[in-house]
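Student: These are the residues of each chain, in order.
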Amino acid sequence: MKHSFIDRFGDLDSPLHVLDARTKIVGFTALTVAALLIPAGNSGQFFAFFFFIAILAGISQIPLQYVVGRTAVILPFVLLAGLAAPYRGTQRWAWLAALLLRSTLCLLILVLLTNTSRFAEFLRGLRKLGCPRIMAVNLGFLYRYLFVLSDEIMRMRQARDCRRVGALGTISEMKILGSMLGTLMVRSFERADHMYHAMLSRGFSGEFPVAAPRRFSWRDLAFVSLVALFIAATFYL
Amino acid sequence: MTDYAVRITRLNYSYPDGTQALESIDLDLKKGERVALVGPSGAGKSTLLLHLNGVLKGSGTVRILGQTIADGDLKFIRKQVGLLFQDPNDQLFCPTVFEDIAFGPLNLGVDAQEISKRVEKALSDVMLDHSYASRSAHHLSQGERKRVALATVLAMEPNVLALDEPTGNLDPGNRRHLIELIAGLPATLILGTHDLEMVLALCDRTVVLDRGKIHADGETSAILADAGLMEQHGLEVPLSLRSRRG
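Taken in order, these protein sequences are the chains called A and B.
Remember, our numbering sits 44 above the position in the first sequence when you count from 1.
Remember, our numbering sits 76 above the position in the second sequence when you count from 1.
Some hints could be false.
To be verified - Each pair of labels, with its calculated beta carbon distance range:
(1) B:L150 - A:A266: 46 to 52 Å
(2) A:T214 - B:P116: 40 to 46 Å
(3) B:G118 - A:L80: 57 to 63 Å
(4) A:Y240 - B:Q96: 52 to 58 Å
(5) B:M203 - A:G88: 41 to 47 Å
(6) B:L150 - A:S232: 43 to 49 Å
(7) B:S117 - A:W262: 58 to 64 Å
(8) B:P92 - A:V117: 53 to 59 Å
(9) A:R177 - B:L150: 20 to 26 Å
(10) B:M203 - A:I118: 39 to 45 Å
Unchecked claim - Okay, derived cross-link-like pairs now, SDA-like style, lysine to any residue, Cα gap no bigger than 20 Å in a straight line:
(11) B:K151 - A:L244
(12) B:K133 - B:D104
(13) B:K133 - A:G250
(14) B:K133 - A:M239
For the record, the hints were derived by calculation from the structure and aren't laboratory data.
Here a beta-carbon is modelled for each residue, glycine too, at the ideal position from N, C-alpha and C.
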């Protein structure tokens, strides 16, 4: 089964990819917060941000089609969530335009953040920035086994479809779906059991070991400084 | 100093639901010996292998290189016994191949500098390029995952290797490569498998396990050529032996 990996381009070798994950998390998060603070109607600032993100996307060597396509897929959901927020002010169209532009900017930044590091590096960065170890470990397991589970679901669906002739009633379909979900839960539990045995077999005693950490370099400092200068320039000049 | 790598004496084990999985198992493996554990599905092969490193504990005694698992230091036992699981997805749970291979040595307290060397050596032992170190398991093919899973075990430098269906779900090419790999390993080997051609290629001694009991233990060619014995326990004489008999 073809999987849609979050870090599909995380293995590239661009100037952004070589930065420490912490630098990218801090830098891109700062850009996201700044994007959310751009006042509605301030087209100059929106343009500056889109231009800056476009430059970063170019430097990252991630295909533009992928960046835009990924953003376009997630955008409707973000907009729906945004529309549910209470509206204030009198200029509704300016508010809607700002919502669309801010959402697009944030998603572009998110796509860059997740595709300029491997997911493992991203989690390590989060951990170094203070994310609780248990949360980082669980996210790692979740990402690792998401694709195993989706393959399992695909096989179950194929097995179901091979033995289904014609349309069944809604109640029958729901019953089958319920059985499939129950079976998936049991299989997940069994897999977790096997995984635990595998961990014990390799000496695990409850605490996750840590190998040598990555080093911060002048490139990381340069990136963070550039982002800070850019945000300051767009807000105060 | 004992001549035996593994000594199992009157081992009994029941699953939590009460099903008897292993019954009065007596099995000794000398150092350097290569033993196949064959039997139908559900015979208890995997269950027996899980007793070798203390993951499962039944009644009876299991001794690894002279040390009894029940009283012994589990860290020592798990360093000595490398267990390869049937499904590599169970064994590869870290974000990258490097971290998966390093997991075992790190748990054993190996220092950070030595870890990189162990990872490189383990990848080389399973004939994978060092570029695999930074990849994630879900990006690998089944054959590659099997090799990486073996590497995770080899990195701990065990003296006893317990392999559970190592050639399961592999295409002929990958199967052949894995058999060649295993043939070159110096450790004492116990191989739980249905792949009887592999057994002929790798093991001098074969034990037939069925419904939790040992039914035969002897020289591989003699055991596998016994058509009656094979049929009785849900197996069959391997094609290469049938061809030789004509």
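Student: With reference to the structure, classify each hint as holding or not holding.
Tutor: Results for each hint:
no. : hint                        : result
1   : B:L150 - A:A266: 46 to 52 Å : holds, 49 Å
2   : A:T214 - B:P116: 40 to 46 Å : holds, 42 Å
3   : B:G118 - A:L80: 57 to 63 Å  : holds, 58 Å
4   : A:Y240 - B:Q96: 52 to 58 Å  : violated, 24 Å
5   : B:M203 - A:G88: 41 to 47 Å  : violated, 58 Å
6   : B:L150 - A:S232: 43 to 49 Å : violated, 27 Å
7   : B:S117 - A:W262: 58 to 64 Å : holds, 59 Å
8   : B:P92 - A:V117: 53 to 59 Å  : violated, 45 Å
9   : A:R177 - B:L150: 20 to 26 Å : holds, 23 Å
10  : B:M203 - A:I118: 39 to 45 Å : holds, 41 Å
11  : B:K151 - A:L244             : holds, 10 Å
12  : B:K133 - B:D104             : holds, 18 Å
13  : B:K133 - A:G250             : holds, 19 Å
14  : B:K133 - A:M239             : holds, 18 Å
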